[in-house]
Amino acid sequence: MELVFANLLNGVSYASILFIIASGLSLVFGVMGIVNLAHGALYMLGAFLGIAVAGLTHNFFLGVVAAVVGLFIVGLILERVFLGRLYKMLDQQALLTLGFVYIFGNIALWIWGPYPLMGHVPTFLSSKVSIGDYAFPVYRFALIVIGLIIYLALWWLQDKTRIGSQMKAGIDNKNMTLAMGINYGLIATAIFILGAVMGGLAGFLGSPILGADPEMSMPTLLLALIVVVVGGLGSIHGALLGAVVIGVINTFGNVYFQDFAMFTAYFIFIVVLIVKPTGLLGKKKP
Amino acid sequence: METITIKTKPRWQGKLAQAAAYAIAVVIILVLPLFVDEFIQNVIMKVFIFAIFAMSLNIMWGYTGYPSLGHAAYFGVAGYTVGIMMVNYGITNFWVLAPAGIILAAIVAAILGVPALRMTGAYFLLVTLAMGQLIFSVAQKWRTVTGGDTGLGGITYPNLHLPWFTLNAHSYYYLVFVLFAISAFVIYLILHSPFGEALQGIRENEPRMKALGYNTWLYRYIAFIMAGFFAGVAGILFPAFYGIMSPVHVNVATSAYVMLMVVLGSPSVIFGPVLGAAVVVILEQVTIIYEPYRWPLFFGAVFVLSVMFLRHGLSVYLIRLWRMVACGNPGS
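Keeping their order, the protein sequence lines are chains V and Y.
At position 50 of the first sequence the residue is numbered 49 (numbering that gives the first Met the number 0), and the sequence of numbers has no breaks.
At position 245 of the second sequence the residue is numbered 244 (numbering that gives the first Met the number 0), and the sequence of numbers has no breaks.
Just so you know, not all the hints are guaranteed correct.
Claimed, not checked - Pair ranges (Cβ atoms, derived):
#1 L116/V x V42/Y: 32 to 42 Å
#2 L7/V x A180/Y: 56 to 66 Å
#3 T119/Y x P218/V: 22 to 32 Å
#4 P218/V x P114/Y: 15 to 25 Å
#5 A152/V x V185/Y: 49 to 59 Å
#6 L279/V x L282/Y: 39 to 49 Å
#7 R79/V x P114/Y: 31 to 41 Å
#8 G242/Y x N174/V: 54 to 64 Å
#9 P114/Y x A152/V: 31 to 41 Å
#10 N174/V x Q17/Y: 43 to 53 Å
#11 L279/V x T119/Y: 19 to 29 Å
#12 E214/V x K14/Y: 46 to 56 Å
#13 T263/V x V144/Y: 18 to 28 Å
#14 T56/V x I102/Y: 52 to 62 Å
Calculated directly from the structure, the hints in this document are not laboratory data.
No experiment lies behind these values; they were computed from the predicted model shown.
A virtual CB, placed ideally from N, CA and C, is assigned to each residue, including glycine.
All chains, please: the whole structure from these sequences, using the hints.
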């Protein structure tokens, strides 16, 4: 029973990382309609940048700043120079971002080498709480709290602010939105950057548990896609639900039937796509 | 998807010149192994194998308008079938291995095509990506049969059972070329048949084709299976050429590799992917000679450049050049 409880806590903290990755993808893909196959690569870049800076300065928060600022710049360049010119051209967006997966992966390999790096937990969060026979790291509780804060902030941004409405209006009809005097180009760039920063932040926050590895882009992207599609595209609540479902299933799968853990995630993904393509909480097709 | 239609009716001089060009190309390809070393011969072989693969992807992408992100799955199924039968069961007869690999690839396409074709647009990209990774996980995790991450080693040349022709590192080139020529010809015939015309009609305007009485889903489904079939043809040739079949040959990296061939070569031109395959493979070999660790960087950069600046592909420009030379008129 304690083992199940410990695994459940592990699963939920893993789900929290998944949620932060997936929320970025959900913003970019679900709300803006951009198929960003490089989202996993952004996650990887965030992890490496954060670990490198935190390692140099011995300060966890400077690592967070490095991941956020680094991904802000990368997101800005990706949107302004490339994706902004491919509005609603799905195939081209997918191919372009697929190309960036290889570019970022090779640059990371060049700078940080082929071996996985692990992030370090900040000292004030490095203690453990004992649950029965199991020592549970405080950092994992902190991850759950951070995930919840990001969830509430994004919910507020999407549903309760003017920018959230303008963003949805732009995706429904760009020309009409522009005619209303809203600078949609600026909003699109801002949302894309926010998505990229979420990916990078998840990479660094997850790095004490999941590490950083130049080959991690595609597996991470697939997990995030599965979470977003299972939960429902464009819905922040859906991303949370999807993250919890996939996170817990994957954690238990890894303990009890290791070889088939990823298998179950793909299987759920394909079944959801066939039975209810809008996901568990999704409303409309983008 | 955007396409450029090229009028395919040059004057008779143009046709004659075209036939002459094909004949010269075939003769050059047949005598080439006598003059070049083994390395270059291997590069050409790789171009042919991946040209079949890229043309198969283009049946779905260029002619049906459904770009698949998991096309390596069918290539991998055929390759692993050949590898498993050869390494685990000792079967070397080409006439058993080849049909088994190709038909299994087509069957897998027929199974995965049913759910995949319920999707359109971004969802089709995602579902094919997930299916490709599903097949990849099978190759990676079913260790007793597929050899897991290390792959299946020790794959040799199959036996053709012909008294006057045995396959070895040298003569495999001719088998690859013959299968390439047959595949290219058959794909050409299919795409220029009423079936191929209907596919393009469905791509351009599905409601109208439906109104004309076409079962558009069935057309697309048959195209999906054919794409899997020809990916299988490339797949059965690959293991003996490479000597090893590993999960890398099934995953998204391989799918992306052929996708670049199609983008670069022109999805709208029937033999465009062949040109794309030649450019990508040669670029890869040259990069590997000078900067072996930077190939993915170049690969990604070429991808980005061709999406941003060469959206219609190289073939379109080559065809214009050809029209100018052969017919004295660049056409439309």
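To see whether the hints hold, each was checked on the structure:
no., hint, in the structure
1, L116/V x V42/Y: 32 to 42 Å, "37 Å, holds"
2, L7/V x A180/Y: 56 to 66 Å, "60 Å, holds"
3, T119/Y x P218/V: 22 to 32 Å, "26 Å, holds"
4, P218/V x P114/Y: 15 to 25 Å, "22 Å, holds"
5, A152/V x V185/Y: 49 to 59 Å, "57 Å, holds"
6, L279/V x L282/Y: 39 to 49 Å, "44 Å, holds"
7, R79/V x P114/Y: 31 to 41 Å, "37 Å, holds"
8, G242/Y x N174/V: 54 to 64 Å, "56 Å, holds"
9, P114/Y x A152/V: 31 to 41 Å, "36 Å, holds"
10, N174/V x Q17/Y: 43 to 53 Å, "45 Å, holds"
11, L279/V x T119/Y: 19 to 29 Å, "21 Å, holds"
12, E214/V x K14/Y: 46 to 56 Å, "50 Å, holds"
13, T263/V x V144/Y: 18 to 28 Å, "20 Å, holds"
14, T56/V x I102/Y: 52 to 62 Å, "60 Å, holds"
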